[in-house]
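J.: Spelled out, the chains give:
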Amino acid sequence: MEPIVRFKDVRKSFGTLEVLKGVTLDIMPGTVTALIGRSGSGKSTALRCINALEQINGGELHVCGRALHNGGFDLRALRQDVGIVFQSYNLFPHLTVAQNIMLAPRRVKKIGKDEARALAEEVLSQVGLLEKADNYPEQLSGGQQQRVAIARSLAMKPKLMLFDEVTSALDPELTGEVLKVIEKLAESGMTMVLVTHEMNFAERVADQIAFMHHGTVWELGSGEMLRAPKTPELQQFVGSGL
Amino acid sequence: MLGLSPEHLLFLLRGAGWTIVLSLLGFVGGTIVGLPVALCRSSKMRSLRVVSSAYVQLVQGIPLPVIMFVVYFGLSIGGYELPALVAAGIAMTAYSSAYLGEIWKGCIEAVPKTQWEAAECLALTPVQRFVDVILPQAVRIAIPPTVGFLVQIVKNTSYSVVIGFFDLTYSAKVLNNSTFKPFTVFTIAALLYFVICYPLSVLSRRYERKLKRA
Ligand SMILES: Nc1ncnc2c1ncn2[C@@H]1O[C@H](COP(=O)(O)OP(=O)(O)O)[C@@H](O)[C@H]1O
Ligand SMILES: [Mg+2]
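Chains as they are written, first to last, in the UniProt record's numbering: chain R, 1 to 242; chain E, 1 to 214.
Check the hints yourself; a few may be wrong.
What the hints assert, rightly or not - Label-pair ranges, simulated between beta-carbon atoms:
# : chain 1 : residue 1 : chain 2 : residue 2 : range
1 : R       : G40       : E       : T114      : 15 to 25 Å
2 : E       : L24       : R       : K159      : 27 to 37 Å
3 : E       : T125      : R       : K157      : 16 to 26 Å
To be verified - Short, incomplete list of chain E residues facing chain R, as computed with Cβ under 7 Å:
#  : residue
4  : G3
5  : P6
6  : H8
7  : T114
8  : L122
9  : Q128
10 : F130
In case anyone wonders, no lab produced these hints; they're calculated from the structure.
Ideal placement from N, C-alpha and C gives every residue a C-beta, glycine not left out.
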């Protein structure tokens, strides 16, 4: 089987600051990859390269059959294949929950209003928020807003979902409901890449864990890697309780 | 009343009517020109930013009565005999478009960048991102300062007196010339301006409070 995402010695700089210094990583369809590491190690940047929010400066990056390093690919088609959920939810405050979800399928896939509404209800029940369809985002808790953001992404039927610290802005008692939704998605076979600080969750759900350090994948392994780190850097990272 | 006949009052009211007409012209024209100015000012393309910024600087750097003169006499040199209303309307359009363009540029930029990004990640086109996601939020932010600026438009239409447009100020001046009751005449004119402007400032402040609560 071909990997759905392939990083090959990927480099990315912001001005003179080189943030990714040769990232190499394969992501297979149907698997969950957790990116862990200290703040500033390049996790978000790596994630954002996958849906071309950032353009890479060197190496090769293949995503869903497209060679992003060559340019010339259909950017909006890529965005339909790759969903992303951010730490700050980024729901559209002037639209109801259902309208938030219906907007892109209607505009991009040109489906009818009734079909879009049915789709919204389908993804909302997936995240357990069907009864909130006609509320505005501000009427929802942080955890609920984040579940809506996940539903909004799901409505585009992506082949791959990216999550960037989606529970970091939430009160501890609200992270569980969001993690549960992600875990359910994992069980359904969705390919996912998640940047997370929830080590227990990563260990339980991820098929592979990539520890990023100084802009590279420093150590790569399965959940057990966290209990038996090979490098002193990962050892220190795990030991610090982060 | 106060030594003025009902005909005199009616004369002033007619002037007030033309003040409202000119204000509306200024606002509608200012919107039609100001919206593209706002878009260009917040555009990613440098050339659009430079040109629109030059336009704003130019208009804001010239006193409104001088703009009135330039439009009125400038166009008549070109062989166009313009009614004062048209000249004043064009001048008010230039004036309001520059200020509204600046106000609205601020409102567009006040919508968080993350909203653009979220829309982009959902595969919306740049136009869809703006129309469906950014604009509705910017409009909400724009209502209080825009309504507030309407007051400036109404008051500044009085400069059209310099090119002889029959607005409230002009009618007051004419009436004073025939009645010699300047204090009475201009006090009534002041009251009429206030009656037009006050509801607008109340409205603006009410929207502002509503927005703060939300
Ligand atoms: N748009 C940007 N412009 C300049 N520097 C950036 C930008 N985005 C990220 N960086 C820098 O790149 C480094 C890595 O950031 P990031 O990928 O967000 O790390 P992480 O997600 O692991 O905390 C940081 O030093 C950050 O300041
Ligand atoms: Mg980050």
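J.: Hint numbers the structure violates, sorted upward?
T.: 2, 4, 5, 6, 10
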